[in-house]
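Below, each chain spelled out in residue letters.
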Amino acid sequence: MKGWLLLFALVGGTAIALGGVLVGAWWLAFPAGMLVGITVPQARLGVPAGALAGLLGWSVPLLVIQVRNGLGSSASSLAAIMGFTGQPAIPVILTCLVGLLLGLTGAWLASALRGLLVPATR
Amino acid sequence: MTLDPAGEAPLKTDDPKTPDIPDLPTHTQSARRCPRRSRSAINALLALLVSGAVLYASFIGAGPLPALGTAFNPATGAWTMAADAATVQSQTLTIPGLQQPVRVMFEKDGTAHVVAQTDADLFLAVGYVHARFRLFQMDLERRQGEGLLSQVVGKAALDSDRFELQLGLLRTAQLEWAQADDTTKVALTAYAKGVNDRIDEAKKTHQLDVMFTLLGYQPQPWTPIDTLIVKGDMTQTLNFTDTPLVMALLNKSLGPDLTQQWFPVLPPNPQSPYDPGPYPTQAKPAPITVLSSVTDSEAATALALHNRLANLPPGLVATGGASNNWAVAGAKSVSGGALMAGDPHLHLTLPSIWFQLTEDSPDYHTSGVSIPGTPVVLIGHNQHISWSLTDAQNQQTFFYEEKEDSAHPGQYFWKDAWHNYTSVSYDIPVLGGTTDHLVVKLSTHGPVISERGLTTSVWWAGNIPSQDFSVLMHVGQASNYQEFRDALRDWHSPTHNFVYADDAGNIGLISAGYYPLVAQGQPWLPMPGTGEYDVTGTVPYDDIPQIYDPPSNIVWSANQRQVGPDYPYYIGTASNFFDPGYRANEIKRVLSQPGKLSAADMMALQTDTRDFLASEITPILVQALAGDQLTSSEQQARDLLAGWDFRMETNSAAASIWSTFWQSYLSQTFDPTWKAKNVTVDRHELDDALGQYLEASTIAGGRPSCPPNAICEPPPPPAPPLGALRSAFHAAFSTLSTKLGGDPGSWTWGKLHTRVLENLAQISGLNYGPRPDRGDGNTPLAAGGDPSTHGPSWRMVVDWGTKTFSGIYPGGQSENPASTWYENKVGAWWSGLYAPMLSADEASFAPGVTTWAMQP
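Line order of the protein sequences matches chains A and B.
Counting along the first sequence from 1, when you hit position 73 you're at 73 in our numbering, and nothing is skipped either side.
When you read off a place in the second sequence, starting at 1, and then add 122, the result is the number in our numbering.
For reference, chain B alone in the conformation it holds in the complex (with noise of 0.2 Å):
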């Protein structure tokens, strides 16, 4: 840009210097003139063009610009990360609505310690923490859940925003407020106004996190309804699920038979259900054909639904859950009392899903973990018991074909008649853009969630109102396994395996939750909606797996089917509903080994890298390979594999050949046939369930024999030929000289295997690694993919017997990046360390503690 000095000082006619030139003509006057003139306004047009840039980028913003002006103003925008980002010190804070005055204790690591002098203060005071904290990070999940990311994040999240509203959690969480008990409006209702005290209080400060600011937006005060929708989320996540549009596309191209051989109902491989039975006998479900075939335009459906959902963000179908907990009986434990361990495996985000607090009033005593966003410690122990949870990851969805016909335009044929359509409109305002109009159609089995093809609705059990939350308060006042069970009798969605341990020395586990039954059908295909094979109900709740102090003293989840075969439900098949089982057989196996266990033995087999799978296998290949042709440094390789201890340590380099190797095997065994049948579904999507088959054939046994129920399966895989594995060595030696070099030791897992923790607003600089880590997706110590994403999102070991509780999760309280306590406590998790779950009492004598005084 130029300035144009003529402008300020255009004749300088008062100059001694210069000479008058009064009698020139007119017209030279003007000529002279006439340029200044003219500089001067292009100035001033320029002038006028580049501030209006400069304040249109300001106060707008540009394209992937924030408004400059308000983003980054020093005191009120961005930068006042810097001061909330300073360690919390000891104040006295003015809080509405509270009753009587509430002591908020924080430790030098961030947890904190919520006392208050009646539930209600509870509450509220755990709502302006949470939010205190945990803003934006609550403000997203209820948007995610109620279709309004698009009116922040623009027409990049209108398809996710779309989905939310067809799958119905925005209204299931209006008819449980509705049907709300006086408990549980009490609590939400004074979490919210905690909510809203932080949230006005930080409006005022110009405290607002930072991604509020620079998204250029204020959040919307906060109401019970969010935080059901932040509970919907969460079921979301776990249980709604695509299998059967998975299982109809492979039906389609496999054909029933191969479909039926390799993705079986029951797991074809060996398992480690904690519930053996001897199972109710009174329940004679109907039989179940064999599969038939999938029509192609139902396989047309089954395949643009499915694109449709593998297009959505992740976390909004459930994608196969990885937790662990499990119970030793005091009888069994070094301290004579009960032993509990338990690690949810979630997405790895930060900020964490989890906050780590005790609650404190006349009624509850709790200590864990809870989820920003709603009021109850959801893992954790009181005064008497503790508990987790793992996924049981039975089957909750189930996909409808509406009958349509053009002369009934807007109905359905449903029970030999037609019915309209009932519908819902959405109006989804999108940040650019303009709103976004949606409407909703409602069969009797859920929502339309398709209309390409076939009209499909989907039938989902988180769409079935429940008092989760009730529950969960009751849980945490129980005392007893009667009391424990008797409060998760009405828990529905997500199923969850329930650990328990208590004072006294017992043990249990229940898979709470629905286990719907349907009148006839393939469930785990796409049924028709005429009526004939809708959900008729689910399993009774004393029939649902469960298992209290039973005489081996321990029980254990990971995620697996929790019944054997004989179990006379269908809860769900082996392929993407259940988990292989290779890390509950490995828990089991080190649970059951003679002697006494000791919270140090929890805590070591919550890191434990003993790949189950490898050890079935390695064996079986280190002798096939016995009699093969190998060159100097595959004979390396080979004794690496022998000399192994099947642990998937960074070190390792037989992890590198065992990870490597399984994967040219399944590629090898399958991928042929994969491409010969054109199959639409990615085959690592399926590498569970392949490699359940191909363990069981490799090992030639472990299939369970056909039960005397309906449950029918083909029988056992054959055993591969010997060829097969010396195959897949080669392909793998040859991958790894090419990617690691020539010498097989060299090849460490570390080299291979990395772990990411990722920031939740998905900003890669500021997450933390990818680094080398330990572990597979088989493992305890659960790290499946590369980089892992996913894994034990919080550990917690308790002792009843000493009452020492011990917790750690990847991450910190704070949602600020900048603040000490965003990742301070990544590096003891990943070192496989825990921290003491101090009370509130032991909470006050701590060193470095700091309090808030809240009054009302």
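Isolated chain A, as found in the complex (with noise of 0.2 Å):
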């Protein structure tokens, strides 16, 4: 397995998963999950650089956000609304694993169907 493949599929996936986003296309974190899945062979490295290209493309957006304006207050509201009124970190938490999960699932998905469609090399 070489570095670069890995470094490529990893910034490859995060910059989908951010663009669809920015874009509202927020599912585009899974298409890039299986695109880091498909691209490093190894599961056990694909898989959790799928959930970071995930992670990362759902995060920047909130580091963005807490630069720009704050997250503070708008976390605090939506604890509230979500019932867990006085945690705000738990929006915070929830929207990174949204994307955790999304990338994480389809990298799994596209290793997984990989290994079992593509005959093992001899």
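No wet-lab data here; the hints were simulated from the structure.
Please read these numbers as outputs of a predicted model, since none were measured by experiment.
Keep in mind that a hint or two might mislead.
[Claimed, not checked] Taking lysine to any residue and the SDA-like style, the derived pairs with C-alpha atoms no more than 20 Å apart in a straight line are:
1. B:Lys326 x A:Val23
2. B:Lys797 x B:Lys525
3. B:Lys873 x B:Ser786
4. B:Lys325 x B:Gly219
5. B:Lys326 x A:Ser73
6. B:Lys326 x A:Pro61
7. B:Lys325 x A:Ala25
8. B:Lys525 x B:Phe535
9. B:Lys307 x B:Gln757
10. B:Lys325 x B:Asp485
11. B:Lys326 x A:Ala25
12. B:Lys326 x B:Gln977
13. B:Lys799 x B:Leu812
14. B:Lys525 x A:Ile65
15. B:Lys307 x B:Asp612
16. B:Lys326 x B:Thr216
17. B:Lys230 x A:Asn69
18. B:Lys230 x A:Ser73
19. B:Lys861 x B:Gln757
20. B:Lys799 x B:Leu376
21. B:Lys277 x B:Phe334
22. B:Lys861 x B:Arg893
23. B:Lys325 x A:Val23
24. B:Lys230 x B:Val948
25. B:Lys861 x B:Lys873
26. B:Lys925 x B:Gly458
27. B:Lys525 x B:Leu425
[Unchecked claim] Counterexamples of contact, computed for chain A against chain B with all Cβ distances above 12 Å:
28. Gly3
29. Trp4
30. Phe8
31. Val11
32. Gly12
C-beta: ideal position from N, C-alpha, C; glycine also.
With the hints as a guide, bring both chains together as one complex.
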């Protein structure tokens, strides 16, 4: 496994996930994860990389919001709406988790299908 | 979950450390490959299932969860509330539909000033501004009235939707729009255009309110009918009442005599009508007979309908208002100009029902508060006059039992003939369920709202189309009392007490609206629908309660009965229609004191916590306790009452003792009868009316003599025995000792009484409070209930002598809970402070003002 391939997959996947988030196509984190899962043949690397791509794609915009406007008040309000008054970390964690899971499951599914469909190298 | 490594590099045959095994028998190779392939298949299946679950939750949502992907997308989902919450910046906006540039200024606290060069532009810009800050609130309000809440919240709202469509706000709004005059059409059309400009913009920029995102829907375009629906919501909240049903249930369980004694037409306690007469003498109302018995079937029908209405969400049925307004003529003011004060008491919500703004255009120069969804200032002032409203609370809801016969299916008997019901069909979309089909039957009286037992229809003044926006626009343009009064001639429902003051020192008060008259019968009960008991007209406009520049130099209203006992028309019963009158009595007492009054006095009175009922009863109680056997702690409690100023302050222990005593007194007096007669109405619903009876009997007087008209009353109630007062005191003492400890001095009112401002979407985490607060249901600073959820939704004080205008409301201009304008005015309001109501010119020089330059 070449390191540059992993890096390429990670950067590419992150870019796709991030771009999707920015234009409202949030679900692109999933195919981004799939891309990583397909590109990286080893699941133990590809799946975490896909998850990381999803996480980054979703958390970087949050970071931008924090820098521009501050997340605290919105996080508190969302937590209250969700029934977790006084626990503003929950919506932040949930948001990151959604991105992470989309990337992870995308990579996992791609990796698993790859293992199923592509005969093992002999 | 387990990630299977077999799927990625299952066989390492090229590994030099791994021996080749080419000659293994075929069945052995298969045995090794099959588990590997099985594991791969299982891994793929697992991945597929988990991916499906994640995608399902992201796209669709699960259970109470919204679609997580859409909802929490940081760039276009709920997190956009952070950018929306950021401080409003000066900017140039392109607003389609404008004819000329419009300037919108925002003070630091969010108060908006809209300056337009045409009237249509003014209303368009107001629509845009309202939608910018309150779109979700506006959408909820129209959905409520149009029966479309289920579409976005599911079947939990289906009862509400069915009821609203039966009652007919939508039908009425459609008729009103069809009959609207040109002025109204221009205003509502422009307003809708402005709202839609903002909806389009918000959709494009992903700036819709967070609740749209979380509920997973987008607002439909706004229409003028939506605005009329929002007005209808308000009318319903204020005067669609179930009182005749309650009276029927009381009649059945208590009997006609006791019902009439405890729930009479005329209030049995001291009153302060603002219009003392003389009244018109030409009217000769038909005699009203004493209450007759309610039959079993009538009672069962009333109970079924009463229970149905009781289970509807709060606000759909009027439960009694509590608002204050008054004015002081220039002759009695320190400044020499007229003074006016108004504080409508409504359900206190976040966001507030109000949005504060000034409207400036060639024909409109108004400042005050508007209801988001509607284009006009409802309470406020212009360059010459000021006005405020309280609910008049006369009876505008009448129930009719339709006569039906199995031989005439689909028909009802009215005026000696069988008539077909007309019907209207509705489809109610239900989120997560099947569309509900509803057929509403209509008789000549109105919509059928119950067919359990007797078929019952309702005649409600709110269902009569009226041009209220035209009226309000003319009120906003009036420059003297004559124009003001003329404008209100066409105001129909809800009936309001419109207080008036002008820059020439004049004051007035007129209770504009319909006062329905029935041909005969007992309108406070459900009546036969056969025609003899129909509503035949309304009290003539010149005969409705009103007063202008009275010799006393003061006018006031606080939902009390506006007229004295000799007023010749029936306008409602004491029970549940009119307020008991304690706030009105207190306001009149303060305003009537010698000396001149200032704007500061008006503010002090708006936040006054003196309980008039307590001031009447406490001295009698203290006197009754003089000969009683009291423990030292009880003596301490009695002494606290004896030295009390009757103010319900948070640090007052006497206030707690009084309040608990009064509840015990009511309970001990009425609960035995309630239990013995198995009354099906919650006694607490009727505490106001029962309290009036108990007050009158306790002070053993104050009951008006029977007037020379037909609305005759039973004799004054007998004074209660001394022991009843003492017993209630001991019970209250015991209750407080248990709840708050043995030291009466520590029983402060703030430990018992709180207030909460509730989030409009019923998200408790976004409430303000509950926090200890002063006042009670009888004080000018209204704070009934615990926690108190209703109260002064807007306080305004005007001094025409100094041309100073002050106002405050509990809330903020934005519905976004992350915004600094969500609750920024609450603190000042809670402390009894006011903010200056600046004109647009003044605001342009105010520190921190930001400006939107709107371009066509």
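**Request:** Given the hint that B:Lys873 pairs with B:Ser786, test it: the Cα-Cα distance must not exceed 20 Å.
**Result:** 18 Å, holds
**Request:** Confirm or reject the statement that A:Gly12 sits farther than 12 Å, beta carbon to beta carbon, from all of chain B.
**Result:** 19 Å, holds
**20 Å Cα cutoff - pair B:Lys307, B:Asp612** = 17 Å, holds
**Request:** Determine whether the non-interface label on A:Trp4 survives the test: each CB of chain B must be over 12 Å from its CB.
**Result:** 19 Å, holds
**Message:** So if I understand the rule, the pair passes when the alpha-carbon distance is 20 Å or less; does B:Lys326 with A:Pro61 pass?
**Reply:** 19 Å, holds
**Asked** Are the Cα positions of B:Lys307 and B:Gln757 separated by 20 Å at most?
**Response** Not satisfied, since the Cα-Cα distance of roughly 68 Å exceeds 20 Å.
**Prompt:** If you draw a straight line from the CA of B:Lys230 to the CA of A:Ser73, is it 20 Å or shorter?
**Reply:** Distance of about 19 Å is within 20 Å: holds.
**Message:** What's the verdict on B:Lys525 and B:Phe535, does the C-alpha distance respect the 20 Å limit or exceed it?
**Reply:** Roughly 5 Å separates the two Cα atoms, so the pair holds.
**Message:** So A:Gly3 supposedly isn't at the interface. Is its beta-carbon more than 12 Å from every beta-carbon in chain B?
**Reply:** 17 Å, holds
**Message:** Run the distance test for B:Lys799 versus B:Leu812: straight-line Cα separation, threshold 20 Å.
**Reply:** 16 Å, holds
**Message:** Check the hint pairing B:Lys326 with A:Ala25 against an upper bound of 20 Å on the C-alpha distance.
**Reply:** 14 Å, holds
**Message:** Between the alpha carbons of B:Lys326 and A:Ser73, is the straight-line distance 20 Å or under?
**Reply:** Roughly 24 Å separates the two Cα atoms, so the pair is violated.
In this structure, the hints that do not hold are numbers 2, 5, 9, 10 and 14, in rising order.
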